[in-house]
Amino acid sequence: MNAPFAPTRISPLFDEQAPHAAKWTQVETMQSVAAYGSADAARVPLAGIGDLSFRRRAGVKGPGAAAWLNALGIATPERPNSYLRLDDGTLVLRMGNTEFLVEDVAGGSRAATMLATAPSAGVYPVPRYDAALVITGRNAIELTRQTCAFDFASLSPSAQALVMTSMVGVGVTAIALDGADGTYFRLWCDGTYGGYLWATLVEVAADLGGGAVGLDALGRVAQQ
Amino acid sequence: MRLPAMPDEWLDRSRTVRFRFEGRAFEGVAGDSIASALWAAGQRTQGRSFKYHRVRGILSAANHDVNVMVQDGQKLNTRGDVVAVREGMDLTAVNTFGGLAKDRARHLGMFARFLPVGFYYKAFHNKRLFPMWERVFRRITGLGVVDFSTPHIRTAKRYDFCDVLVIGAGPSGLSAALSAADAGARVVICDENARAGGSGLYQLGGDAVRRQHTRSLLDKVKAHANIRLLEGTYAGAYYADQWVPLIDADKMTKMRAKAVIVASGAFEQPAVFRNNDLPGVMNGSAMQRLIYRYAVKPAGNAVVLAANADGYRVALDLIAAGASVAAVLDMRASVPPSAQADALRAKGVEILAGHAVYEAHADGKGELAGITACRIDGSGRVVSGSQRRIACDGLAMSTGWAPAANLLYQAGTKMRFDELLQQFVPDQLPEGVFACGRVNGVFKLESRIADGQRAGLAAAAHAGHGSAAQVDVPPETESPSHAWPIVAHPDGKNFVDFDEDLQVKDFENAVQEGYDNIELLKRFSTVGMGPSQGKHSNMTALRILARLTGKSPQQVGTTTARPFFHPVPLSHLAGRGFSPQRHSPLHGRHAALGAVFMQAGAWERPEYYAVEGKSRIDCIREEARRVRTAVALIDVGTLGKLEIRGPQAAEFLNRCYTGRYDNMKVGATRYAVMCDESGVLSDEGVVARIAEDVFYFTTTSSGAATVYRELSRLNIEWKLDCGLINLTGSYSAMNLAGPASRKVLAQLTDMDLSSAAFPYLAVRSGSVAGIPVRMMRVGFVGEWGYEIHVPAEYGPTLWDALMKAGEGAGIGPFGVEAQRLLRLEKGHLIVSQDTDGLTNPFEVGMDWAVKLDKPFFTGKRSLQIVKKMPLKRKLVGFRLAENYSGEVPKECHLIIENGDIAGRVTSISWSPHVGRYIGLAFVLPSMTEPGTPFSIRITDGSMVAAEVCSTPFFDPKDERQKEIE
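Taken in order, these protein sequences are the chains called A and B. If you number the first sequence the way my numbering does, the last residue is 224 and the count never jumps. If you number the second sequence the way my numbering does, the last residue is 1965 and the count never jumps.
Simulated from the structure, these hints should not be mistaken for laboratory data. Just so you know, not all the hints are guaranteed correct.
[Unchecked claim] From chain B, some residues computed to sit far from chain A (all C-beta separations above 12 Å): (1) Arg1018; (2) Thr1559; (3) His1590; (4) Gly1723; (5) Met1869.
[What the hints assert, rightly or not] Listed below are the simulated SDA-like cross-link pairs for lysine to any residue, each with C-alpha atoms no more than 20 Å apart in a straight line: (6) Lys1719/B x Glu99/A; (7) Lys1251/B x Phe150/A; (8) Lys1826/B x Arg1960/B; (9) Lys1890/B x Arg1820/B; (10) Lys1157/B x Ser166/A; (11) Lys1251/B x Leu1229/B; (12) Lys1962/B x Asp1752/B; (13) Lys1868/B x Ser1926/B; (14) Lys1854/B x Lys1868/B; (15) Lys1719/B x Thr98/A; (16) Lys1157/B x Ala67/A; (17) Lys1254/B x Ser154/A; (18) Lys1254/B x Phe150/A; (19) Lys1719/B x Ser120/A; (20) Lys1254/B x Thr98/A; (21) Lys1505/B x Phe1114/B; (22) Lys1890/B x Val1914/B; (23) Lys1251/B x Ile141/A; (24) Lys1254/B x Ala121/A; (25) Lys1254/B x Asp1752/B; (26) Lys1251/B x Ala18/A.
Computed from a predicted model, the values in this text were never measured in an experiment. Where a beta carbon is used, it is the ideal one built from N, C-alpha and C, also for glycine.
Please put together the full structure from these sequences, using the hints given.
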């Protein structure tokens, strides 16, 4: 027997996004929202909430994790709770002494390499199908202040710090990145909580002149 | 009367504001408070007191005038003394029966002797009269009328951060903020008033130059890049680690600071004498606020009751505002020399040392028309025959202060009573908390500014900026507060607490009845329990108690200061609610199929799928029928899904679960029971051996987080060579069950699904619809089926593929309720439904799953002991009579044997496939034999006959799991 159709990846945020989506696209075989409407572009510089779940990612933990990643050519941050952005845009997050998350940019292959490589001793692969969000705009800090007890203003992109905190009651991993239009934040959370996190952030962002934005408006932020 | 423009007035004179109060039309100026606009219009009576319904006017003009609270449409208990008047407001006083002027309860004061302190406690002593009193009290108490149609107001609830938070933007606070900011700290300074500056802009003593100190500080603060000034924002409380909720008109902000400076100042305290509550009698600072903030002349002809330098400044401010001052009565034995006293004398104002107000007199409207002054001796007693009447329409009281130390108390500050100052001052401040200004016992303007500098530098240093420095703060040379600002009167009505109409004699009576401890006195007399929370009464009550018991104020101590410092709108406290919901990756599919969701912990799960024209129970039974006769699909993605990897993974599981896992073959699954240290059954699931060193296992949906947390802890403690991974949110899982399940699945996979290649209780990895899967052949619902686990992002795609492939076989979804029924037919228990917090595995027939021959597992030692003891109960199957048609017992209904409780029902349902009501129940060990009859007592007390029977109820030989083709 043959599979009747090729498998499509579905974003953990799909159910929340579908009723509002105006234009769809497929990135990395994931059905993703290209645009919610003409307001997307205006939301980005204020408080844009975007979905980057399409990016492929893989996790690994264990005492041998760092060495294993290095052997695959993936550099790792020196200290826990920090991240590296590799030359090709790959993000390498170190969430603890021995736990890492690697996220490809579109077209990247490091996650696939990790999944295809047998773990060595003391290496425990961690499948990652997170909801992956981005928050853009000058009201991003205010958005986080209405949703999280952690001071996102202290997350300097230059320090490459990572924080694991609770946002609207959902556990998230967060970092700040420098973009062409200023600092933006990336968030990852358990996909089963993703819909709630997304809907709540979009609701608060709307009070700040922002809201959901599709990949078209995110532009380089989505691609980098 | 409105005065010419004042230099720092809050008014926008270009805008007139029209509003109504008690049905009458008034005009104010934009920026006016409700009270100032009314006062300017000659409306001195602005409310009624709580207990005796006496007329009341402005007392503090500082947000504590609870007798001037008004209803503003749907907003009740609006503080008239500070809330800005708005165009079109239609206001009523909150505590009247029939309006302010003709309040039907205005004569209650005549019955005061029947309403002694604590009378309501005593009223309730009589059980027979309790309902009557309850009705009476409910009718006559309560402020304002709640409109239940008031819309839900969603407010933002936000967090904020700074290095130094300064609470209070008076001279000391402004000075502190500047010093801290100059040292490099990020400073936030808040003030509850609409505009910053505090007393520095209204306690002038007729000297406009005096305001320049504060004006200069304020200008610098506003211009400083490191300072954020939040006006109209009060600090509601203090919580651990410099966590302070800031309340403004729109929202609550949870401010986390590295250091907090409390520069909250002091509350001016009313003096106590007969009729000290008449409209026209007010604190001196209230008069100054009226003059300088609202440009309102408080009185035409005033008397000032003083006991400190502030009183003299009040007199000079009144004169500057065009009022005449008939006399300054100074309660102190002598008047300290001062420029203010000299200035008053030069203006011909009579200053009477050692004098007080014996009583105030009302005019026909109940408002102040004059006072009787008297001489007092060194103990505060009235000198007989010294009384003298003075006509006046305003009386300013400037006899003392109480520190606004609520937040300092909440922070854990140890306070001491300073005899010179007659005030509690901070003795030991907690780390990271600083105090300056009046709350710190520093009163002179120049000293307050210096004290602010000191505190600002110290707070900045604590936050990591600059270093603390020695700043000289000159000591106070005279007391700002009188030790006994109280004048006795045989006819009473000398009020201590204006919220609750408590008089001096109420305290005397309370102490006489034995309530001679400050906390007891508070609860019995209710002093400080009104809306102002004792800001004007606690210190005086404390002085009275100290004198009555022969103690010092230090010995008497203060009552506990609890959050919030000031009433906070419930909408602010509620804010925007966050209640995280957890949705399976298939949630949207369920919704599209008409699922009726139920809450299961954080999850929303399909209880059943609604079909138009069918009842809930019919839908559930149809779903169950489909599983038994065709094929159906259920989302089981809420199960906890864990993986353990490493050479010692099997050893880890052996220790965690009661069974044995080191002897499992790769590709096999095994039921797993977990106990806690006391041998209580805490969770269950299925363990699948994926590889020699890889196990994939499930937990109950509700136990997933707890089990992962506990196993992570044990993994760290045991230091075994293995790693634990939580895949609960990463994997989607669904159970394809029913006689046609294999046929449906075969359309989507090349995997060998034959019984030989994929037997019951096996686990296989492969691909279905091109999606990588892990599949287990398990039979929770008692049918041939496959529990399919896939990466979460492929879950919906696989669900769609299975539903499409199953169309010809009549596939449909089934929900949690159908699954519960199906598993009950198989006699499978649900942990936490059919077990409780005391259930051990032997009580539920799981002896086979407990391998006591293992060296160790969690709970083993307890279970060894338990096994040697006789069982107290046992879970059995039962059924009702074949044609039973009465009321059906419910879960938790008791089983009664010889009049005693013999157990309880844990599960019960009608089984279409058995044709009877079936269930599980705990019964006494003597009742477990199949066929044993017993009775279930249902809600109405009647008994329902049942009998024990063996389980499974359906397919007892597991024929459904055997090869059928």
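Now for the hints, and whether the structure bears them out:
With a minimum CB-CB distance of about 33 Å to chain A, Arg1018/B clears the 12 Å threshold, and the non-interface call stands. Separation of Thr1559/B from chain A is adequate, the least Cβ-Cβ distance of about 31 Å exceeding the 12 Å criterion. The Cβ of His1590/B does not lie farther than 12 Å from every Cβ of chain A; its closest approach is about 10 Å, which violates its non-interface assignment. Listed as a non-interface residue, Gly1723/B fails to keep its Cβ farther than 12 Å from every Cβ of chain A; the least gap is roughly 3 Å.
No beta-carbon of chain A comes within 12 Å of the beta-carbon of Met1869/B; the shortest separation is about 41 Å. For the hint linking Lys1719/B to Glu99/A, the alpha-carbon distance of about 17 Å falls within 20 Å, and the restraint holds. Between the alpha carbons of Lys1251/B and Phe150/A the distance comes to roughly 19 Å, so the proposed pair stays at or under 20 Å and holds. Of the pairs offered as hints, the one joining Lys1826/B and Arg1960/B holds, with about 11 Å between alpha carbons and a cut-off of 20 Å not exceeded.
Distance check on the hinted pair: Lys1890/B and Arg1820/B sit about 14 Å apart at the alpha-carbon level, within 20 Å; holds. Taking the CA atoms of Lys1157/B and Ser166/A, the gap is about 15 Å. The hint holds against a cut of 20 Å. Between Lys1251/B and Leu1229/B the CA atoms are separated by roughly 16 Å; this keeps the pair inside 20 Å, and the hint holds. For the hint linking Lys1962/B to Asp1752/B, the alpha-carbon distance of about 16 Å falls within 20 Å, and the restraint holds.
Of the pairs offered as hints, the one joining Lys1868/B and Ser1926/B holds, with about 17 Å between alpha carbons and a cut-off of 20 Å not exceeded. Proposed proximity of Lys1854/B and Lys1868/B is supported: the alpha carbons are some 17 Å apart, at most 20 Å. A threshold of 20 Å between alpha carbons decides the hint, and for Lys1719/B with Thr98/A the separation of about 15 Å falls inside it, so the pair holds. Between Lys1157/B and Ala67/A the alpha-carbon distance is near 44 Å, which puts this suggested pair outside the 20 Å criterion.
The straight-line distance between the Cα atoms of Lys1254/B and Ser154/A is roughly 17 Å, inside the 20 Å bound, and the hint therefore holds. This hinted pair checks out: Lys1254/B and Phe150/A have alpha carbons roughly 11 Å apart, not beyond 20 Å. Restraint check for Lys1719/B and Ser120/A: satisfied, since their Cα atoms lie roughly 18 Å apart, inside the 20 Å limit. About 34 Å separates the Cα atoms of Lys1254/B and Thr98/A, which puts this hinted pair outside 20 Å; it is violated.
Only pairs whose Cα atoms come within 20 Å are accepted, and Lys1505/B paired with Phe1114/B is accepted, the gap being roughly 14 Å. Restraint check for Lys1890/B and Val1914/B: satisfied, since their Cα atoms lie roughly 19 Å apart, inside the 20 Å limit. Taking the CA atoms of Lys1251/B and Ile141/A, the gap is about 17 Å. The hint holds against a cut of 20 Å. Straight-line distance between C-alpha atoms of Lys1254/B and Ala121/A comes to about 47 Å, which puts the hinted pair past the 20 Å bound.
Only pairs whose Cα atoms come within 20 Å are accepted, and Lys1254/B paired with Asp1752/B is rejected, the gap being roughly 60 Å. This hinted pair does not check out: Lys1251/B and Ala18/A have alpha carbons roughly 32 Å apart, beyond 20 Å.
The structure shown violates the earlier hints numbered 3, 4, 16, 20, 24, 25 and 26.
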